[in-house]
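Trainee: Start from chain A and add chains B and C according to the hints.
Chains as they are written, first to last, in the working numbering: chain A, 18 to 282; chain B, 95 to 470; chain C, 36 to 386.
FYI, nobody ran anything at the bench for these hints, they're computed from the structure. Think of the CB as a built atom: it goes at the ideal place given N, C-alpha and C, for glycine as much as any other residue. Any given hint could be a false lead.
[Said to hold, decoys possible] For each label pair, taking beta carbons as the anchor points, the in silico distance ranges come out as:
1) A:274 - B:314: 33 to 43 Å
2) A:151 - B:414: 23 to 33 Å
3) B:131 - A:189: 33 to 43 Å
4) B:201 - C:198: 52 to 62 Å
5) C:340 - A:151: 58 to 68 Å
6) C:64 - A:163: 15 to 25 Å
7) C:171 - A:262: 18 to 28 Å
8) C:180 - A:99: 25 to 35 Å
[To be verified] Chain A is nowhere near these chain C residues, computed Cβ spacing over 12 Å in every case:
9) 50
10) 52
11) 82
12) 145
13) 188
14) 254
15) 357
Okay, here's what each chain looks like letter by letter:
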Amino acid sequence: MATLSLGVLAAVTLVCLVGPWFVPYEADAVQLDAIRQPPSPAHLMGTDDLGRDILIRVLHGGRFSILIGVLAAVLGTGVGTLFGAVAGYAGGHIENVLMRITDVAYAIPTLPLLIVLASYTGADPVSMALIIGGLSWMTTARVVRGEVLSLKEMAFVEAARSLGAGPWRILTRHVLPNALGPIVVGATLAVGNAIVIESSMSFLGLGVQPPTPTWGNMLMDAQSSMTTTPWLTIFPGVAILAVVLAVNFLGDGLQDALDPRGRER
Amino acid sequence: MRRRDPVAPPGGPDGSQRGGTDVPLLEVRDLHTRFDTRRGTVHAVNGVSFHLYEGESLALVGESGSGKSVSALSILGLVPPPGRITSGEIRLRGEDLTGLAPAQWSRIRGHDVAMIFQDPMTSLNPVLSVGRQIQEVLQRHLGMDRDSARSETIRLLARVGIPDAEGRHRNAPHTFSGGQRQRIMIAMALACRPQVLIADEPTTALDVTVQAQIVALVRELQGELGMAVLWITHDLALVAGLADRVAVLYAGTVVEEAPVAELFRNPRHPYTRGLMGALPAFQDEIGGVRSMEERGVGTAGSPTPGHSRRRLTAVEGQPPTLTRAPDFCPFAPRCGFTTDRCRAERPLLHPVPAGDPSSGRLGIHRTACWHQDSLP
Amino acid sequence: MTDGTGRAAHHNRRRSPLVEVRDLVKSFPVRAGVFRRQVGEIQAVAGVSFDVHPGETLSLVGESGSGKSTTGRTLLRLEEPTAGELRFDGRSLVGLDTAALRGLRRDMQMIFQDPYASLNPRHTVGALVREPLEIHRIGTPAERDRRVAELLERVGLAPSHARRFPYEFSGGQRQRIGIARALATSPRFIVADEPISALDVSIQAQVVNLLAELQEERGLAYLFIAHDLAMVRHISDRVAVMVLGRIVEIGPADVVFKRPRHPYTRALLDAAPRVDDPTKRARRAGSALATVPPGELPDPADPPSGCRYRTRCLSATAVCATEVPALRLPPGEELREHPERSEVACHHPLA
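Excised from the complex, chain A in its bound form (with noise of 0.2 Å):
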């Protein structure tokens, strides 16, 4: 399953990438003489009340949801990780008080900030994944600090320090190659958060904002004609569906691969 995900996965990328090379229509071209086509050997996937075509907007939107999300998560995961893995090994004070701004930052309202703060950055890519990974570090940076404080105890970690390794060596070599599970499990399951964030916020219409076409925003339009046009609503629909699973399913089978060989006796 996991590889069948990451099968999807990889797919829904190159065609997103690479797809609209192939496409002959621009995503914001207007036709008027061809709205609300259903799905036709000319328009694969239709086209929408202005005439545009649905396939291509649907791979442009692809390209930034997935652009959002893998900037979204790295960015979370990478401040998630420092914080956890600084505050589990230094412990003490340090680990007080970064664990202290860890239960701050959860406390916040993810949904009403982000708005507040897309109305004022505007709604780029960056700033989307900006704000959306700032919010969305805290359970990594948790994840981490419980490892790492599981971690410090070990026999093998005992053994470098006993051999001369300094703390930075034994962080980086030592403990954190070994929490690499949950770190990337962590990445790849925020990758779908962050779509799914991004997509809910254009679905809002506060996020990207038309003509330049995101999922979300596709969903937004399509709204009132769920039943005449259902085409509008299905494809991006799906694609949210199709991308968002395949990452979860993807986590779970990391999870399983990563641990148990890690520990194999």
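Mentor: Then chains B and C, alone, in the frame of chain A:
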């Protein structure tokens, strides 16, 4: 729902430990247990046979992978999946246990045959009081009412040496020390006065002084209750104070069995000798035992004689994990006396010409080696 | 140098000791309450003194809670000593800065008890053995690889094993890897913390033989921490018996085992499984537990006053509760030749 009165300590007029009857209480015949895992099949037990008479102690000795624990678990039908018994018989008083349905097992487990483990927390529920756990056993198996069960519980706890049993039987297991938890587990196992007690390395995790106490306790209780005890251990030195007879296991087969003194005096399988050579306890002079060298028993590699601190004779290599049932001697790769016959044909147990007639009543000395007569 | 017995000759002890420990104390705080305040302390090591001479094996023996492991680890400064002096080759280990300590770590190494947990599962065997060379910047990368191959061969593995991961090896082999790692910087002193307890009996012998060979070849000094008395007797030159954080008896291995002077040593020896003549066994069965008192040792967090063994000692008197016995030669012992003497911490040593 039988209650058995304690019988007089068994023993014939010649001082042997065996009970008065000649029919074994527990008989295991040609047991085969294997584990079918995703990565392949592991043949953990390959034709193990032994018998236990009423009131006697038999020790199963082996290292990891020898199949000793799996054999014990097989007796009680506790082999975890994907393991299962594939052939052989296990007879308790003549009744074959291998074909029992799950419902019938509850009559046997804890009542006729009980087991104690290396880690007492495998039998003790951490959230219930120890008294309640023992009481439950008494109420379920013996049908006692609550008050009788409680007083019997307190009596049992006191008997196994828990101080202030009356006050402490309501405490949870974690309030007791390791040694005490082991005693509580023994009390729970013996609550119904089983005929057979299987002790699976119960002292391995304990300090040596506590180990001595637990061993003494089990032997006392064995005498009082007339139980037969099957000891599973990896410690050959411990066996001297534990058992009447010993069976040495390697790679799921019994390679040698004999009364204890006879085994120590005259080991006739290269693996047994290898084990003894590796144990310093067999080499020192405390207790007046002559060194292995002086008695002319030694495997290849004995260094300078007359040397009290010399190399231990280590058996090279590792015990195998058998993915096929062996049709050759499983010890052949590590043995110093291997010939072609050893690699082609699996030796079965056959008797050793008995050197010590006085031990004959405790059982014959048998070994599974093609070259037992020509070992130095 | 040996005198044919495989042990360092007695005259080694007149050379200055390699490791000196004086009045070592290590306590751990006990925290409770919402603010995790310290409410008490456990003195895992309560004033321990001994020397280890070049090329000799000193064993620390004791049951759980004796503090033997903590002593070994504090010696290597894996734990910070609470009080006391530690000296290696004349230099004090306490109060050293990180750089100086790292330098000393080349000379003092450790072998751990758990062969499964003491090797980082994500590193190859080669990386594990090479790590000390990298940390101390010894040799060029090519030289390091050569040294790793040499070390692996010396401990009985093949150089090609360097590419594999720990999980592909058995317990005994992993312990050999740990030994190779400890030897990488050519140390003079190794603390072996129960190195064979987790191994099968026949494998224990292999590892012990290897350690003995290495000692002869390289003149290593070992501090061997164990609880298996028979094995300890086999490999040690000297033995120190510990109870609840204190040494109660210390002396040459043969002497301590043949003529124990402390009641606890006697109890340990009687409790240990021994292979006996059947005739002797019957006699022992009755008296075997005569010296092993019922019950267990007290909790290290709340030890008895004075002599910590007194609550379990059959010869305890009033003075045992008020005065901590010092480790010294028992009466009559001064008459013996130096190599045969042992010291005891007891107000009523056994005759």
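Trainee: Are the hints correct? Go through all of them and say.
Mentor: Results of checking the hints against the structure:
Checked against the given bound of 33 to 43 Å, the beta carbons of residue 274 (chain A) and residue 314 (chain B), roughly 53 Å apart, lie outside it. For residue 151 (chain A) and residue 414 (chain B), the Cβ-Cβ distance of about 57 Å falls outside the hinted range of 23 to 33 Å, so the restraint is violated. Hint check: residue 131 (chain B) to residue 189 (chain A), Cβ distance near 36 Å, so the stated range 33 to 43 Å holds. Distance hint check: the CB atoms of residue 201 (chain B) and residue 198 (chain C) are about 56 Å apart, consistent with the given range 52 to 62 Å.
Separation of residue 340 (chain C) from residue 151 (chain A) is about 59 Å and conforms to the stated range, judged on CB atoms against 58 to 68 Å. With their beta carbons about 23 Å apart, residue 64 (chain C) and residue 163 (chain A) fall inside the hinted range of 15 to 25 Å. For residue 171 (chain C) paired with residue 262 (chain A), a C-beta distance near 51 Å fails the hint of 18 to 28 Å. Between residue 180 (chain C) and residue 99 (chain A) the CB atoms are about 33 Å apart, so this pair conforms to the stated range of 25 to 35 Å.
Non-interface call for residue 50 (chain C) relative to chain A: holds, since the shortest CB-CB distance, roughly 26 Å, exceeds 12 Å. For residue 52 (chain C), the condition that its CB be more than 12 Å from all CB atoms of chain A holds, with the nearest at approximately 21 Å. A cut-off of 12 Å between C-beta atoms confirms that residue 82 (chain C) is not in contact with chain A; the least separation is 24 Å. With a least beta-carbon separation of about 5 Å from chain A, residue 145 (chain C) fails to lie farther than 12 Å from that chain, contradicting its non-interface assignment.
The beta carbon of residue 188 (chain C) is kept farther than 12 Å from every beta carbon of chain A, the shortest such distance being approximately 21 Å. Every beta carbon of chain A lies more than 12 Å from that of residue 254 (chain C), the smallest distance being close to 21 Å; the non-interface claim holds. Look at residue 357 (chain C): its CB is around 39 Å from the nearest CB on chain A, clear of 12 Å, so calling it non-interface holds up.
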